[in-house]
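J.: The task is simple: from the sequences and hints, build the whole structure.
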Amino acid sequence: MIVRGTDRMLVMGITGKQGTFWTERMQAYGTRIVGGTHPKKAGSVQCGVPVFATAGDAMTGVGFDVAVLFIPPLMVKQAAMDAIEAGAKGLVVMTEHIPVQDVMYFMAAAKERGARILGPNTAGAVTPGECFAGFMPAFNERIFKHGSIGVISRSGSLGVLMCLNIVQAGYGESAFVGIGGDPIIGTTTRDALVALDNFPGTEAVVMVGEIGGSMEEEAAVYAKTMTKPVVAFIAGGAAPKGKKMGHAGAIVMGNKGTYASKRAALEAAGVTVLDTPSDVGAALKARLGR
Numbered sequence: 006m007i008v009r010g011t012d013r014m015l016v017m018g019i020t021g022k023q024g025t026f027w028t029e030r031m032q033a034y035g036t037r038i039v040g041g042t043h044p045k046k047a048g049s050v051q052c053g054v055p056v057f058a059t060a061g062d063a064m065t066g067v068g069f070d071v072a073v074l075f076i077p078p079l080m081v082k083q084a085a086m087d088a089i090e091a092g093a094k095g096l097v098v099m100t101e102h103i104p105v106q107d108v109m110y111f112m113a114a115a116k117e118r119g120a121r122i123l124g125p126n127t128a129g130a131v132t133p134g135e136c137f138a139g140f141m142p143a144f145n146e147r148i149f150k151h152g153s154i155g156v157i158s159r160s161g162s163l164g165v166l167m168c169l170n171i172v173q174a175g176y177g178e179s180a181f182v183g184i185g186g187d188p189i190i191g192t193t194t195r196d197a198l199v200a201l202d203n204f205p206g207t208e209a210v211v212m213v214g215e216i217g218g219s220m221e222e223e224a225a226v227y228a229k230t231m232t233k234p235v236v237a238f239i240a241g242g243a244a245p246k247g248k249k250m251g252h253a254g255a256i257v258m259g260n261k262g263t264y265a266s267k268r269a270a271l272e273a274a275g276v277t278v279l280d281t282p283s284d285v286g287a288a289l290k291a292r293l294g295r
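Mapping of the sequence shown onto the numbering used here: position 290 corresponds to residue 295, and the numbering continues sequentially without gaps.
Quick caveat, the hints were computed from the structure, so don't treat them as lab data.
All C-beta atoms, glycine included, are put in the ideal place defined by N, C-alpha and C.
Among the hints, a few may not be true.
Pairs of lysine-lysine residues, derived as DSS-like cross-links and limited to a Cα-Cα distance of at most 25 Å, are as follows [stated by the list, open to error]:
{"hint": "1", "residue 1": "Lys22", "residue 2": "Lys46"}
{"hint": "2", "residue 1": "Lys150", "residue 2": "Lys290"}
{"hint": "3", "residue 1": "Lys22", "residue 2": "Lys82"}
{"hint": "4", "residue 1": "Lys150", "residue 2": "Lys233"}
Okay, the calculated beta carbon distance ranges per label pair [unchecked claim]:
{"hint": "5", "residue 1": "Gly48", "residue 2": "Lys290", "range": "53 to 59 Å"}
{"hint": "6", "residue 1": "Val105", "residue 2": "Tyr227", "range": "24 to 30 Å"}
{"hint": "7", "residue 1": "Lys22", "residue 2": "Ala273", "range": "43 to 49 Å"}
{"hint": "8", "residue 1": "Ser219", "residue 2": "Ser49", "range": "29 to 35 Å"}
{"hint": "9", "residue 1": "Ser49", "residue 2": "Arg9", "range": "24 to 30 Å"}
{"hint": "10", "residue 1": "Asp284", "residue 2": "His151", "range": "30 to 36 Å"}
{"hint": "11", "residue 1": "Arg118", "residue 2": "Ala58", "range": "17 to 23 Å"}
{"hint": "12", "residue 1": "Ser162", "residue 2": "Gly53", "range": "28 to 34 Å"}
{"hint": "13", "residue 1": "Ser153", "residue 2": "Ala47", "range": "39 to 45 Å"}
{"hint": "14", "residue 1": "Gly275", "residue 2": "Phe26", "range": "40 to 46 Å"}
T.: Structure below.
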């Protein structure tokens with residue numbers, strides 16, 4: 006899911022410490038925050054926007070496209086269902102440690118209603134020069150600068166590092182999509198790759214993946230059909246088999262999800278696989294010819 010400057014955003018949990026802090030940062034960057042929610046603070050104003058009891062009330066009161074959730078784990082299911090039933094087109098779910106059965110429930114509801122979900126356990130999304138949702142440092146021009154490179158990352162910190170290297174190499178980003186590191190997520194690597202392949206102004210895509218799961222292998226199938234160059238970095242190359250590393254989704258089972266299997270699948274699809282994130286500049290220059 007790619008966020009746009011025209012998206013009207015509702016911050017669920019806006020009155021909390023993180024909700025307030027990042028709402029102010031999003032507003033300063035140009036994100037269209039139209040309201041927030043807190044069940045016990047309806048009728049108040051936070052960060053200059055009205056606070057509603059529910060997303061349903063917010064949809065009636067001001068209308069919104071995307072719900073950004075700064076909600077504690079055990080309350081995410083209720084909040085997500087509230088936003089989905091209100092008619093949200095998209096949800097950005099930063100929260101981690103949400104019960105798996107809760108995630109499965111609201112994911113099924115979102116699919117039924119046609120709502121897109123980014124996360125859970127995502128750092129958010131950035132469209133440089135337009136807006137951002139979540140807690141990525143979009144306002145730091147050393148990391149995010151408008152350009153033509155689309156970026157996908159399971160990890161927020163590795164995504165920031167890759168974007169820093171992209172800008173240092175003289176490029177900029179068309180959009181950043183943090184898909185999240187949980188085992189069950191709404192937007193997969195392949196989903197994000199398709200979105201960026203069709204996103205105006207994107208000349209190449211950089212993927213930041215991890216060992217565990219099969220999302221990179223599935224993305225490789227689509228990458229093979231692309232005319233735009235794709236560059237990838239897979240974290241966890243030194244991790245032992247069967248060892249859980251980093252994100253909840255990063256676990257290797259047998260020969261699936263290994264560094265070797267992911268690298269082989271990507272390279273067979275014509276993707277340039279980096280040994281380190283610092284190699285991204287040279288790889289983009291080689292693939293783009295500049």
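J.: Does the hinted range 30 to 36 Å hold for Asp284 and His151 at CB?
T.: For Asp284 and His151 the Cβ distance comes to about 23 Å; the hint is violated.
J.: Using the beta carbons of Lys22 and Ala273, state whether their distance is inside 43 to 49 Å or not.
T.: Cβ of Lys22 to Cβ of Ala273: about 47 Å, so the range 43 to 49 Å holds.
J.: Just tell me: holds or violated, for the beta carbon distance of Gly275 and Phe26 against 40 to 46 Å?
T.: 42 Å, holds
J.: Between Arg118 and Ala58, does the beta-carbon spacing fit 17 to 23 Å?
T.: Given a distance of about 21 Å, which is inside 17 to 23 Å, the answer is holds.
J.: Check the following: the C-beta atoms of Gly48 and Lys290 are separated by a distance inside 53 to 59 Å.
T.: Holds - the Cβ-Cβ distance for Gly48 and Lys290, about 55 Å, lies within 53 to 59 Å.
J.: Lys22 and Lys46 were given as a pair; does the straight-line alpha-carbon distance stay at or below 25 Å?
T.: The given pair, whose Cα atoms are some 14 Å apart, holds under the 25 Å limit.
J.: In this structure, is the beta-carbon distance linking Ser219 and Ser49 contained in 29 to 35 Å?
T.: 46 Å, violated
J.: CB of Ser162 to CB of Gly53, is that within 28 to 34 Å?
T.: 31 Å, holds
J.: Please verify whether Lys22 and Lys82 have alpha carbons no more than 25 Å apart.
T.: At roughly 21 Å apart (the allowed maximum being 25 Å), Lys82 and Lys22 satisfy the hint.
J.: So does Ser49 sit 24 to 30 Å from Arg9, Cβ to Cβ?
T.: Cβ of Ser49 to Cβ of Arg9: about 28 Å, so the range 24 to 30 Å holds.
J.: Against the range 39 to 45 Å, how does the distance between the Cβ atoms of Ser153 and Ala47 compare: consistent or not?
T.: 43 Å, holds
J.: In this structure, is the beta-carbon distance linking Val105 and Tyr227 contained in 24 to 30 Å?
T.: The hint (24 to 30 Å, Cβ to Cβ) holds, given that Val105 and Tyr227 are roughly 27 Å apart.
Of the hints listed earlier, those the structure fails to meet are numbers 8, 10, in rising order.
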